[in-house]
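Residue-level listing of the chains:
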Amino acid sequence: SQTIHQWPATLVQPVGSPLSLECTVEGTSNPNLYWYRQAAGRGLQLLFYSVGIGQISSEVPQNLSASRPQDRQFILSSKKLLLSDSGFYLCAWSKQGARTDTQYFGPGTRLTVL
Amino acid sequence: GDSVTQMEGPVTLSEEAFLTINCTYTATGYPSLFWYVQYPGEGLQLLLKATKADDKGSNKGFEATYRKETTSFHLEKGSVQVSDSAVYFCALSDRGGNNRLAFGKGNQVVVIP
Numbered sequence: 718s719q720t721i722h723q724w725p726a727t728l729v730q731p732v733g734s735p736l737s738l739e740c741t742v743e744g745t746s747n748p749n750l751y752w753y754r755q756a757a758g759r760g761l762q763l764l765f766y767s768v769g770i771g772q773i774s775s776e777v778p779q780n781l782s783a784s785r786p787q788d789r790q791f792i793l794s795s796k797k798l799l800l801s802d803s804g805f806y807l808c809a810w811s812k813q814g815a816r817t818d819t820q821y822f823g824p825g826t827r828l829t830v831l
Numbered sequence: 010g011d012s013v014t015q016m017e018g019p020v021t022l023s024e025e026a027f028l029t030i031n032c033t034y035t036a037t038g039y040p041s042l043f044w045y046v047q048y049p050g051e052g053l054q055l056l057l058k059a060t061k062a063d064d065k066g067s068n069k070g071f072e073a074t075y076r077k078e079t080t081s082f083h084l085e086k087g088s089v090q091v092s093d094s095a096v097y098f099c100a101l102s103d104r105g106g107n108n109r110l111a112f113g114k115g116n117q118v119v120v121i122p
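Line order of the protein sequences matches chains A and B. The opening position of the first sequence corresponds to residue 718 in the working numbering, with each subsequent residue numbered one higher. The opening position of the second sequence corresponds to residue 10 in the working numbering, with each subsequent residue numbered one higher.
Since the hints were derived computationally from the structure, they do not count as laboratory data. Be a bit skeptical, because a hint or two may be false.
Straight-line Cα separation of at most 35 Å, DSBU-like style, residue types lysine-lysine; simulated pairs [said to hold, decoys possible]:
(1) A:Lys-796 - B:Lys-114
(2) B:Lys-61 - B:Lys-114
(3) B:Lys-61 - B:Lys-86
(4) A:Lys-812 - A:Lys-796
(5) B:Lys-58 - A:Lys-812
(6) B:Lys-114 - B:Lys-86
(7) B:Lys-58 - B:Lys-77
(8) A:Lys-796 - B:Lys-86
(9) B:Lys-69 - B:Lys-86
(10) B:Lys-58 - B:Lys-69
(11) B:Lys-114 - B:Lys-65
(12) B:Lys-114 - B:Lys-77
(13) B:Lys-114 - B:Lys-58
(14) B:Lys-114 - B:Lys-69
(15) B:Lys-65 - B:Lys-77
(16) B:Lys-61 - A:Lys-797
(17) B:Lys-86 - A:Lys-812
(18) B:Lys-65 - A:Lys-812
(19) A:Lys-812 - B:Lys-61
(20) B:Lys-69 - A:Lys-812
(21) B:Lys-86 - A:Lys-797
(22) A:Lys-812 - A:Lys-797
(23) B:Lys-61 - B:Lys-77
(24) B:Lys-86 - B:Lys-65
(25) B:Lys-86 - B:Lys-58
Given these sequences and hints, build the entire structure.
Next comes the structure, spelled out in structure tokens:
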């Protein structure tokens, strides 16, 4: 069966510090990968998605970036965090192909920027 | 673009009450529709889905029917339990090769014993 991992689970960082959140998927190959942010009291905002190694599409321009160095690894980064980057970050994966469109989510990372 | 609208505000109800959460959508083509549930401090779990008009998704006593004529996918449960307290998100997929999802804002459901 497939599993998705995210770490760290919780992170507290000062404004202006760098960020690296990691997501890995097991039990499948060549998945689509997604990063979402959930701000307090708000819905989910799609930040990035990837259909393959090195292929990243950005949904919202901001000070975050994403990379996919390996098939089942997806990393969310920032060089300098802002207060507004606080939130709950969720990684998700889906199988490729238009008829397999269910996304499966990881446990999330709670980021607080102070 | 494609979008999902959920009813405003949290939902508070007593145990064994009937639950309805409204969801309407705007989309070109024929999207797949989903309900996801998020328990406190956790990620999202797929609750149910429907891929074509008149399909009914069901799971754990929850149901939702894909209504193309009213562009709706309302979630219902006949008798809620305290353990159903969570945030519920309606979503649609554009069914393109990258399977992008558009989410509603979610509804907090609180079930009181």
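Now the hints, each set against the structure:
Straight-line distance between C-alpha atoms of A:Lys-796 and B:Lys-114 comes to about 29 Å, which keeps the hinted pair within the 35 Å bound. Note on B:Lys-61 and B:Lys-114: the hinted pairing holds, with a Cα-Cα distance of about 23 Å set against a maximum of 35 Å. For the proposed pair B:Lys-61 and B:Lys-86, the alpha carbon gap of about 21 Å is at most 35 Å, so the pair holds. At most 35 Å may separate the alpha-carbon atoms for a hinted pair to count; A:Lys-812 and A:Lys-796 meet this at roughly 31 Å.
Straight-line distance between C-alpha atoms of B:Lys-58 and A:Lys-812 comes to about 16 Å, which keeps the hinted pair within the 35 Å bound. For the suggested pair B:Lys-114 and B:Lys-86, the alpha carbons sit about 20 Å apart, so the restraint of at most 35 Å is met. At most 35 Å may separate the alpha-carbon atoms for a hinted pair to count; B:Lys-58 and B:Lys-77 meet this at roughly 14 Å. Among the hinted pairs, A:Lys-796 with B:Lys-86 is inconsistent with the structure: their alpha-carbon atoms are about 46 Å apart, more than 35 Å.
Taking the CA atoms of B:Lys-69 and B:Lys-86, the gap is near 9 Å; set against the 35 Å cutoff, the hint holds. Annotation: proposed proximity of B:Lys-58 to B:Lys-69 holds, straight-line Cα distance about 13 Å (limit 35 Å). In summary, the hint linking B:Lys-114 to B:Lys-65 is supported, as the alpha carbons are separated by about 22 Å, within the 35 Å threshold. Simply put, B:Lys-114 and B:Lys-77 have alpha-carbon atoms about 21 Å apart, close enough for the 35 Å limit, and the pair holds.
Pair hint B:Lys-114 plus B:Lys-58 holds up; C-alpha atoms about 18 Å apart against a cutoff of 35 Å. Using a Cα cut-off of 35 Å, the hinted pair B:Lys-114 and B:Lys-69 holds, with the two alpha carbons roughly 22 Å apart. A hinted pair counts as satisfied when its Cα atoms are at most 35 Å apart, and B:Lys-65 with B:Lys-77 qualifies at roughly 12 Å. Annotation: proposed proximity of B:Lys-61 to A:Lys-797 is violated, straight-line Cα distance about 44 Å (limit 35 Å).
A hinted pair counts as satisfied when its Cα atoms are at most 35 Å apart, and B:Lys-86 with A:Lys-812 qualifies at roughly 29 Å. For the hint pairing B:Lys-65 with A:Lys-812, the CA-to-CA distance comes to about 23 Å; that is within 35 Å, so the pair holds. A threshold of 35 Å between alpha carbons decides the hint, and for A:Lys-812 with B:Lys-61 the separation of about 19 Å falls inside it, so the pair holds. Annotation: proposed proximity of B:Lys-69 to A:Lys-812 holds, straight-line Cα distance about 24 Å (limit 35 Å).
Straight-line distance between C-alpha atoms of B:Lys-86 and A:Lys-797 comes to about 45 Å, which puts the hinted pair past the 35 Å bound. About 33 Å separates the Cα atoms of A:Lys-812 and A:Lys-797, which keeps this hinted pair within 35 Å; it holds. Our distance criterion of 35 Å between C-alpha atoms is met by B:Lys-61 and B:Lys-77, whose separation comes to about 8 Å. Restraint check for B:Lys-86 and B:Lys-65: the C-alpha separation of about 13 Å stays at or below 35 Å, so the hint holds.
Pair hint B:Lys-86 plus B:Lys-58 holds up; C-alpha atoms about 15 Å apart against a cutoff of 35 Å.
The structure fails to meet hints 8, 16, 21 from the earlier list, while all remaining hints are met.
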